[in-house]
Amino acid sequence: MYEVFFQKFNQRTPLTEDEENFIKQYLIPKKLRKRQYLLQEGDVCKSIALIEKGSMRTYLVDPAGQEHITAFALEGWTIGDLPSFQSELPSIQNIEALEDCELVLVSKSAHDELLKTMPKYEIYIRLLITDAYMALQKRTLNMISLSLDDRYKAFIDTYPNIAQRVPQHMIASYMGLSPETLSRIRSRMNNSK
Amino acid sequence: MNTKQTIAIIGATGNMGSGISKNLSTGNYRLLLFANELSKLQTLETEILAKNPTADIELSECPTEASWEADVIILALPYPAQQQIAEKIREVANQKIVISIANPLNETYDGLVTAPDTSAAEELQKLLPNSKVVKAFNTVFAADFAQPVIAEKQADAFIAGDDQDALQTASELVVTVGFNPIIAGGLHVSRTLENMSLLLIQLNLKNGYNWLAGWKILHQ
Numbered sequence: 000m001y002e003v004f005f006q007k008f009n010q011r012t013p014l015t016e017d018e019e020n021f022i023k024q025y026l027i028p029k030k031l032r033k034r035q036y037l038l039q040e041g042d043v044c045k046s047i048a049l050i051e052k053g054s055m056r057t058y059l060v061d062p063a064g065q066e067h068i069t070a071f072a073l074e075g076w077t078i079g080d081l082p083s084f085q086s087e088l089p090s091i092q093n094i095e096a097l098e099d100c101e102l103v104l105v106s107k108s109a110h111d112e113l114l115k116t117m118p119k120y121e122i123y124i125r126l127l128i129t130d131a132y133m134a135l136q137k138r139t140l141n142m143i144s145l146s147l148d149d150r151y152k153a154f155i156d157t158y159p160n161i162a163q164r165v166p167q168h169m170i171a172s173y174m175g176l177s178p179e180t181l182s183r184i185r186s187r188m189n190n191s192k
Numbered sequence: 000m001n002t003k004q005t006i007a008i009i010g011a012t013g014n015m016g017s018g019i020s021k022n023l024s025t026g027n028y029r030l031l032l033f034a035n036e037l038s039k040l041q042t043l044e045t046e047i048l049a050k051n052p053t054a055d056i057e058l059s060e061c062p063t064e065a066s067w068e069a070d071v072i073i074l075a076l077p078y079p080a081q082q083q084i085a086e087k088i089r090e091v092a093n094q095k096i097v098i099s100i101a102n103p104l105n106e107t108y109d110g111l112v113t114a115p116d117t118s119a120a121e122e123l124q125k126l127l128p129n130s131k132v133v134k135a136f137n138t139v140f141a142a143d144f145a146q147p148v149i150a151e152k153q154a155d156a157f158i159a160g161d162d163q164d165a166l167q168t169a170s171e172l173v174v175t176v177g178f179n180p181i182i183a184g185g186l187h188v189s190r191t192l193e194n195m196s197l198l199l200i201q202l203n204l205k206n207g208y209n210w211l212a213g214w215k216i217l218h219q
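As they're listed, the protein sequences go chains A and B. In this text, residue positions in the first sequence follow numbering that gives the first Met the number 0: the first is 0, and each later residue adds one. In this text, residue positions in the second sequence follow numbering that gives the first Met the number 0: the first is 0, and each later residue adds one.
Chain A with its partners taken away, still in its complex shape (with noise of 0.2 angstroms):
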């Protein structure tokens, strides 16, 4: 029930046994079913989602009523809407389940708890935080300066085995490409091969 979130946790900072067992008291089991919500735009993200099993997607709606997606998340990824976890205030963003998943929710109350109690989760967090930034810095950083076949190159290196899990539509909106202009960077790389 919280193997890889314990396995993520281990790989940068290490717990005891008792530790484990301590942190284990503020965590949440809960299934998702595919199409099924954990976070609906307008209301606050209570929680920040470690995913066990299945895959998750974030994504924010334009006023014209175009989905731009917004991130993908597979299993041992971390997931949530940072901005309205912190702020308490309303998210813009939707995060739904992209398949059946098994995750492992902390609750904004039992976080705070934690990183007042617990100096190994504020390692882990400012540890999860930091990776995250530095992806993010990634992303931006490819978009400005690599081409679009090595955009998503980076794209699947960073997300390995997407292409066979998610829509190829889902792909080119997270991409900010049409899905014909997707369709010909897959076919070119194909034929290259």
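If you're looking for bench data, these hints aren't it; they were derived computationally from the structure. No experiment lies behind these values; they were computed from the predicted model shown. Each hint should be verified, as a subset may be incorrect.
Here are some of the chain A residues that sit facing chain B, going by a computed Cβ distance under 7 angstroms [to be verified]: (1) Asn20; (2) Gln24; (3) Ile27; (4) Lys30; (5) Gly41; (6) Asp42.
Calculated lysine-lysine pairs in the DSS-like style (CA-CA distance at most 25 angstroms, straight line) [said to hold, decoys possible]: (7) B:Lys3 with A:Lys107; (8) A:Lys45 with A:Lys23; (9) A:Lys33 with A:Lys52; (10) A:Lys7 with A:Lys45; (11) B:Lys3 with A:Lys52; (12) A:Lys23 with B:Lys152; (13) B:Lys125 with B:Lys39; (14) A:Lys30 with B:Lys87; (15) B:Lys3 with A:Lys45; (16) A:Lys23 with B:Lys125; (17) A:Lys45 with A:Lys107; (18) A:Lys52 with A:Lys23; (19) B:Lys125 with B:Lys87; (20) A:Lys52 with B:Lys87; (21) A:Lys7 with A:Lys33; (22) B:Lys152 with B:Lys87; (23) A:Lys30 with B:Lys3; (24) B:Lys215 with B:Lys152; (25) A:Lys137 with A:Lys23; (26) A:Lys137 with A:Lys7; (27) B:Lys215 with A:Lys33; (28) A:Lys107 with A:Lys7; (29) A:Lys115 with A:Lys7.
Rough simulated footprint, nothing fancy, chain A against chain B, three-plus residues with beta-carbon under 8 angstroms [unchecked claim]: (30) 67-74; (31) 83-96.
All C-beta atoms, glycine included, are put in the ideal place defined by N, C-alpha and C.
For this one, chain A is given, so just place chain B on it according to the hints.
For chain B alone, coordinates are given in the frame of chain A:
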């Protein structure tokens, strides 16, 4: 809230459980219904969908699975079943809201089996130390769910618990079901709420209210 919450109702086919299930099915909730007898559960499902074809309900074969998937768990079970179910859901109910509706009545309905310094809800909290136990729906009768307004007054439904967010969520459930929510206090106030229910049962038997009765606080 826009995000649909999943509610597991354990004991969904009992008098109380079916009333809660039918009324909650009208709200923005996904319901996972569990009961021991599948045939009764299927009858309940048919009844709910006949009245409300868009109800988001699913029958569950396992209380542990239903509780794992849920955000909120309602134990619509008699008090003697509490300990056994608590053991089945303890791990998956971690940090979740668990609603206790039970009144720990004795066999002759003229007293409670719990000691005066505790309550069914507090005993449940001891069994589920990492869950957010809330007392709710114990002060209303099963028939009240079909008719929450009695003698032109909307029945009150009292709530007790120690977690503010959990009390807020329970209040929203009470509103959806059709009663007027009153947060009575911390979980220890369950002792009073369970005794209020005992008194209402005794008055019902004495005065022949036909099990359609409830509490109402009158105030300015």
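Handout entry: Distance restraint between lysine 52 (chain A) and lysine 87 (chain B), which requires alpha-carbon spacing of 25 angstroms or less
Key = holds, 22 angstroms
Practice task
Measure nothing beyond the straight line between the CA atoms of lysine 137 (chain A) and lysine 23 (chain A); if it is 25 angstroms or shorter, mark the hint as holding.
Solution key: Violated: lysine 137 (chain A) and lysine 23 (chain A) sit about 33 angstroms apart, past 25 angstroms.
Exercise for the section: Verify the interface restraint on isoleucine 27 (chain A): the C-beta must sit less than 7 angstroms from at least one C-beta of chain B. Expected result: Interface hint status for isoleucine 27 (chain A): holds (4 angstroms vs cutoff 7 angstroms).
Problem - Distance restraint between lysine 152 (chain B) and lysine 87 (chain B), which requires alpha-carbon spacing of 25 angstroms or less - result: Violated, at about 39 angstroms.
Exercise for the section: Compare the distance between the alpha carbons of lysine 115 (chain A) and lysine 7 (chain A) with 25 angstroms, and conclude whether the hinted pair is satisfied. Expected result: holds, 21 angstroms
Practice task
Against chain B, run the beta carbon of asparagine 20 (chain A) and see if the smallest gap drops under 7 angstroms.
Solution key: It is violated, given that the least Cβ distance between asparagine 20 (chain A) and chain B is near 11 angstroms, above 7 angstroms.
Problem - lysine 45 (chain A) paired with lysine 23 (chain A) [C-alpha distance capped at 25 angstroms] - result: Since the Cα atoms of lysine 45 (chain A) and lysine 23 (chain A) sit roughly 18 angstroms apart, the hinted pair holds (cutoff 25 angstroms).
Handout entry: Restraint status (C-alpha distance of lysine 33 (chain A) to lysine 52 (chain A) at most 25 angstroms)
Key = Roughly 12 angstroms between the alpha carbons, so the hint for lysine 33 (chain A) and lysine 52 (chain A) holds.
Exercise for the section: Mind checking the alpha carbons of lysine 7 (chain A) and lysine 33 (chain A) for me, to see if they're no more than 25 angstroms apart? Expected result: Answer holds: lysine 7 (chain A) to lysine 33 (chain A) is near 24 angstroms, not above 25 angstroms.
Exercise for the section: Classify the hint on glycine 41 (chain A) as holds or violated, based on whether any CB of chain B lies nearer than 7 angstroms to its CB. Expected result: Since the shortest Cβ distance to chain B is 5 angstroms, the answer is holds.
Exercise for the section: Please verify that hint: lysine 30 (chain A), Cβ, nearest Cβ of chain B, below 7 angstroms or not. Expected result: Check passed: Cβ of lysine 30 (chain A) comes within 4 angstroms of chain B, closer than 7 angstroms.
Exercise for the section: Take the C-alpha atoms of lysine 30 (chain A) and lysine 87 (chain B), compute the straight-line distance between them, and say whether it is at most 25 angstroms. Expected result: At roughly 17 angstroms apart (the allowed maximum being 25 angstroms), lysine 87 (chain B) and lysine 30 (chain A) satisfy the hint.
Hint check: violations occur at hints 1, 12, 13, 22, 25 and 27; the rest are consistent with the structure.
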